[in-house]
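Q: Based on these hints, arrange chains B, C and D on the given structure of chain A.
4 protein chains.
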Amino acid sequence: MSSVWGNNIQISIFGESHGPAIGVTVHGLPAGEKIDWDEILFQMERRRPGQDPAATRRKETDTPEVLSGLLDGTLTGAPLTAIIRNGDQHSGDYSNLLAMPRPGHADYTASVRYNDANDIRGGGHFSGRLTAALTFAGAVCRQILRGNGIAVGAHIASVGDVQDAPFDPVAVTAEQLEAMGEKKFPVVDPAAEEKMRAVIEAARMEGDSVGGVVECALTGVMAGIGSPMFEGVENRIASIVFGIPAVKGVEFGAGFGATRLRGSENNDPFLLDAEGEVRTATNHAGGILGGITTGMPILFRAAFKPTSSISRPQRTLNVHTGEMDTLVVHGRHDPCIVLRAVPVVEAAAAIAMLDMLM
Amino acid sequence: MSSVWGNNIQISIFGESHGPAIGVTVHGLPAGEKIDWDEILFQMERRRPGQDPAATRRKETDTPEVLSGLLDGTLTGAPLTAIIRNGDQHSGDYSNLLAMPRPGHADYTASVRYNDANDIRGGGHFSGRLTAALTFAGAVCRQILRGNGIAVGAHIASVGDVQDAPFDPVAVTAEQLEAMGEKKFPVVDPAAEEKMRAVIEAARMEGDSVGGVVECALTGVMAGIGSPMFEGVENRIASIVFGIPAVKGVEFGAGFGATRLRGSENNDPFLLDAEGEVRTATNHAGGILGGITTGMPILFRAAFKPTSSISRPQRTLNVHTGEMDTLVVHGRHDPCIVLRAVPVVEAAAAIAMLDMLM
Amino acid sequence: MSSVWGNNIQISIFGESHGPAIGVTVHGLPAGEKIDWDEILFQMERRRPGQDPAATRRKETDTPEVLSGLLDGTLTGAPLTAIIRNGDQHSGDYSNLLAMPRPGHADYTASVRYNDANDIRGGGHFSGRLTAALTFAGAVCRQILRGNGIAVGAHIASVGDVQDAPFDPVAVTAEQLEAMGEKKFPVVDPAAEEKMRAVIEAARMEGDSVGGVVECALTGVMAGIGSPMFEGVENRIASIVFGIPAVKGVEFGAGFGATRLRGSENNDPFLLDAEGEVRTATNHAGGILGGITTGMPILFRAAFKPTSSISRPQRTLNVHTGEMDTLVVHGRHDPCIVLRAVPVVEAAAAIAMLDMLM
Amino acid sequence: MSSVWGNNIQISIFGESHGPAIGVTVHGLPAGEKIDWDEILFQMERRRPGQDPAATRRKETDTPEVLSGLLDGTLTGAPLTAIIRNGDQHSGDYSNLLAMPRPGHADYTASVRYNDANDIRGGGHFSGRLTAALTFAGAVCRQILRGNGIAVGAHIASVGDVQDAPFDPVAVTAEQLEAMGEKKFPVVDPAAEEKMRAVIEAARMEGDSVGGVVECALTGVMAGIGSPMFEGVENRIASIVFGIPAVKGVEFGAGFGATRLRGSENNDPFLLDAEGEVRTATNHAGGILGGITTGMPILFRAAFKPTSSISRPQRTLNVHTGEMDTLVVHGRHDPCIVLRAVPVVEAAAAIAMLDMLM
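Just so you know, the protein sequences line up as chains A, B, C and D, in that order.
The opening position of the first sequence corresponds to residue 31 in the numbering used here, with each subsequent residue numbered one higher.
The opening position of the second sequence corresponds to residue 31 in the numbering used here, with each subsequent residue numbered one higher.
The opening position of the third sequence corresponds to residue 31 in the numbering used here, with each subsequent residue numbered one higher.
The opening position of the fourth sequence corresponds to residue 31 in the numbering used here, with each subsequent residue numbered one higher.
The hints are simulated quantities; they were obtained by calculation from the structure and are not laboratory data.
Mixed in with the good hints, there may be bad ones.
You can't tell identical chains apart in this list, so a pair holds if it fits in one copy or across any two.
Derived lysine to any residue pairs resembling SDA-like cross-links, with alpha carbons at most 20 Å apart [claimed, not checked]: (1) K64 / V142; (2) K213 / K225; (3) K213 / L301; (4) K64 / D146; (5) K225 / L291; (6) K225 / R290; (7) K64 / N145; (8) K64 / P50; (9) K225 / A195; (10) K214 / L71; (11) K225 / L301.
No experiment lies behind these values; they were computed from the predicted model shown.
Just chain A, same shape as in the assembly:
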C-alpha cells in the first residue's frame, strides 16, 4: 500500500497538506524504550520551513501530538501515533492548478490516478509537508538506534554544481554525525556553505530553484545485517528514500562512480583493525556487500531534483482549454529543498535500519 512501509517496524503515513492534520503511526516499536521528547521536537524543527533564508519562508506548525503508544515518556508497545495539525493554509493559492497542472509536480499524475478526486491544494498527500510525519517516525527510531550504538547523520553533498567534501567513508564517526545534526547548514567543508547559499539565493532571485544531493551515513552497524536479493540493505533503504518527494536517484558507496573504476580499485581489501575486528581498508562498498552489512560505515547519497514549484512563469498546457498558457505558481516555496531534506533523509535511513535490526 502506498503510504505504508516496513516489515518489522511498519510506518503508516496519512494526511493532506490542507486537510485537518497529517500524521504517522509506527507499529512494532520495542516496548519500554524511553523517548526524549525534546529531541523529537528538535528533529521536527530541523525540517520545519521558515527557519533559514535558504528555505521557504512559509510558516508551518510542526508540533506533534501523540495519540497512542507513549505513556510517561515510555513506549508502551502499542502503535505509536502522532498527528500534526495543519495551519497557515492559503487554499486560494492553488485554485488555478486544476486547469494547469504544474510541470514537474504530481498534480497531473495524481488527477489521473485518483479520478480528479484528490485534494490538489498544496499537493494534498503528495506535499512535501508529509515528510514531517516521516521525520517524527525517524526521530523516534534514531533514539532507539543510538541506544544500540548506531548513529545516523547527513550533510548537503552538493547544491547545483557546488560540492561539499564527502564523509570519510572509512573514518566517519558517530560524534561527527551527531555534530552535523546540530548545524543550521550541515556541510563537512565550512567553505561550501557560502557558495551553496549563493547558488540558492541566485535561483530565488530569479524565481527559480536548484537541486542537490544529500549524503547520509550510519556508523556502528554490526556486520551481518540485511539479506541477499530483495531484502538487502540497499533495496530497503532505496525503497523508503524514494518515498521522499523529489528524490530521483539513490546510490551506495562509490555508486555511479564505481562504474568508472577497475575491480582492483573498487574492491575493498579486508584487514584486522587494532581491536582485532574485521574491517576493510577502503569502503567503496558503502558498508554493504551482497545486501548485507560489512561492519563498516553505511553510506548512501540521494539526488533531489530542483523544486518543481517555481514562481517564474512557465509555458504549459491548460487541460481545460487544450491550449498552451502561462502558469505562475503562487505561494512560498523552497528555492532548494536540499537543506530541509537532510533530516528527512536521516529519518528514512533510521527507520530502515531499525526495521532491519528488529
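A: Chains B, C and D only, in chain A's frame:
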C-alpha cells in the same frame, strides 16, 4: 523475505550456484495467457555466459524446466515454477575462499549472516547465476506486458569511461527497444561498441574488471500507474533492481544530473500531442511524477560496480591466520558484467511493471 | 505487524483505551467515492456502549473526526484517517490489575510481551474499545460494497444455550441483511430476543457474563473472488475476524457441523436458476469452494467467549506476592459482548471483502 | 499472493497434481540447523495415500528432492526448496469434469477464477496432493521447534459422530504428542479407533465420504509470543490452517463451546506451579489471551468437511448443456480425509509457530 518480491505478481527465487538447481516461482500471473517458449529461451540465452568474448567463457546450461503453472503453452493461474539444473561446476576452485573472503564479494558478509553454514562455492545464493531465474520470470512478464502495448528494452549506457548515446527520453519507441534486444552488444551508438570492447579487453588482459551503467526504458505505459510515497514506480523498480548483484545505484530520468539543473530547466512542460494526448515536451522526470506514471517513456539507469572476482592477485585478510595474504581468485569470471546484465535489468523492470499493472 | 491488516485495502489501527484517542487509517480506498456520513455515525452508534440494558452502561464518545482522505464527503484517494477521542476514563478502576492480572484477559500476556511497559488501564491497545476503529473502517467499506451490489449483515446466532434461527443460506437477501442492521437486537427469530435477554440479565445479576455466536452473511458477491491456499476467502476473513477481541472460533457454511455429514449430504449440487445463473441447490459451503466464491451467499459464524471482565470475585494469582488472592474487577463491563459485536463482525467482513474485490 | 504464507518464515507452494511436480520453497529458515532427513521422510509417509484402508488406495510417490538450501544435512540459509515428482496419474479419469464440475469441489470456482485455463486434472493446484508440500515444510519447521523445546502433535478428535477423548488442555506433554505421531491411527482413546474405522468403512461401502475434526496441540511455547489484533496466534494459525483443503472451521481452546459458558467458568485462574512459573489452573483459552501465548499448551481444532469426491452418483448441472445430469466421479478418493490430514495440520501449526518465534 529476502528472495521474495512483489505485491500482485510475486516472485520467489531459490537455489545456490553449486547446488542441484536454481529456479523461480511466479505467483499471480494471469491465467489463460499464451506463452512463447522460444522467446523465453531467447531471453535466457542473452544472459547466459560463454556467448561473447566480452563476457565470461564459463559454460552454463540455462535451459529451464517448467514444473507448474503452464499447460499446453498457456498459463493455468497456478504458480509458475521453473528450475534450471546446475552443471559445469568446479567446486575445487573455491576451496580457498573460506580462509580468504574475496574483497568486494559477499563471502564475508554471508558467513557472518549465516553462521558459516552458507554454501560458499560459486557464491551460493549470492551468485550472479541466480539472475537466470530472474530472467526467466521477466521473460514471461514481458510477453504479458507486450500484449498490453508495453515494451521493455535496455542498452549499455557506459563501460568505464566510455559512454553510449542515451535513449531519446521523449521519442524512444517500442520498435527501437525490441530491436535493441536482438543485438549481441546492445548500444544506441554503433561506434560505442568498439571502444567499450577495447576497455573490457584491456581489463581482461590485466586480470582485472570494469564497471558500467545499464539504461532501461519502458514505452506504452499509460498515465496513472503507481502510487505516492513508498509504492511509487521509483520505489518499486529500485527495490527489485537493487536485487541484481553488483548494482550500487539507481536513478530515474535526469537522476543525479537533475541536481545540477534549475527547476525551470528540469520541469517538463505539458502539451497535447497530435492525437490529443497529454504529453510532456521534455522528459527529465523519466516518465514518473509523484511516484505515478505520466504516460511518457519510463527511463532509469542502474550502476554496476566492476566484477569483484578478478584473477589478479589481491592483498587481503586471511581470517583463519589473522594475517594479510595474497588471494588469487581462480575460475572464469566476467571482466565486465554489464553486457550480460542488460537482459536482467529488463527482466526486473518487466516484473516490476507487471506487478504494478495487475 | 500486529495492528495492520490487508493487501489492497490496508487498515492500520492505533490507540489505547485510556490514551488521548484511538483511530484507524485505511489505505487503498477508491478515490471519488461519495461517503454517507450519517450512515458512518449510525454504524458507530450500533457498537457504542451504553445503548442497551443488555450491554455495558459505560459511556463512550464514539464520534469520529476525519483527519485525512475525505474532502466534501468524497474520498480523495489519500489514506483515510479518523480518530475518536477518549473520554469517561476512570483510570483508578484499574490500579489493582498490575498485581493481579485478570483471568481470561490479556493483562498477563501483554505484560510479558511488552516488558510491563504496556498501558494496562482499560486494557490499553487490547481493549474492546479499539473495535470502534474497526467499525469506522468497515462502515466506509460497506458503503463501497453496496455500490457494487454487495450487502453485509449479521445477527446474534446464539447467547449461551439460546439459539436464534439461522440465516437461510440459499435465500438470504440484501434487504433482509440491511433490515437486520436496523434492529436494536438483531435476531432472525423474534422469539429469541426475550430468551437471550433473560440469559444475559441472569448473568449480569450474578456479576457474571455469557458468550455467544454471531452469524454473518454477504450477498451479491460474484463467483470467482478469492484464491486457493492461503489467500482464500476463509483465510482472509478468519485472519481479520480473529482480530476482534474474544473471538475463539470461526466457521464457514456448515462449518463444524459439516464434519458430521456424509459427502453426499454436504456437497451442494449445481443448477441453473431462473436467470440462467449457475447456483447451488444447497449452500453447506457457505459460498466458498477452494477458497473462491461460488456466487452464493457467503456465511460464517464467529464464536465469542464470555466477557472476561466480571465483577464477581475470582481467586487468582497476585504476581507481586506470589500468593493466591481474590480479585474483584471494578468498572462497567458488558455481561455479554455479542450484541455489540454484531456490527464489528460485519465491519470486519466488509473490510475483508472489499480488500479481495479491489 | 495465494500460495505464499508467512512473515519471518515464508513458504511458497507450487505445483498441480497432474503437472511434472509439486513443491515448496521455505524462506527465512535459520542457517546452521541440522536436519534429520529420515524424519522428513517419516512425516511425508504419514500423509501419503495408500497407507491405510481408511484412506485412499491411490499410490503417490512422495519422495522429496531438495534443490536448494541444504548442504550435507545442514540448512545453508538460502531458500530451502524441495520438489516431489508426480506419478501414477490417470488423466483420463477427469475428462468429464469440464462439463460437470464436481459438487463440493473447486472445479467450478477455479474455472471462473482462471478463465477455464486452470488444469482441472486431479484438481490441479487445488488438489489435496499439494499438502505434501506443506507437510515437507512443516517437517523441517518442527525439527527446529523441537530444538527450542516445542512439540507439535495432533489426533483425530472426531469422525462423523464418533468422538475421541480430547487432549488434556493443562497436562498434555511433549512425550504424548510425539508418541501420537508414531501411531498409524492417532487417537487418544484407543477405543475410538474401531468405531471411527467402522464409520469410514460404512461410508466407503456406500461410495460416500465422511468428515471429522483434527485437534492439534503445541507444548513448550513460552509466554509472550504473538501480538494483539491481526497478528495474534489465532489469526496466524487460522490463516494457514484454512489453506488446507476441506477445512471449514477453526477454533481455539474451548472455542465454540466457550460460547455456552459463563465468564466465571471460562476464565482460567492464574497460579504458580511447583517451579514458580505462572500457569493457569484450567486452559479454556487454549494457551492464548489477547492473541499472545500464556505459556500453557496451545490447542486448536480444525473441522474437515467430508471429501467432496465421492463415487456414488450425484445429480448436478452439466454446464455445457445447461441440463441437470448424473455425475459419477471416478478415481480413488479418501472416504475420510481426516486420518491423512493429521500430519498436515501439525505441519501448518509448526510453520505458523516457527514464523512467530523467529
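Q: Hints the structure violates: just list their numbers, smallest first.
A: Numbers 3 and 11, in rising order.
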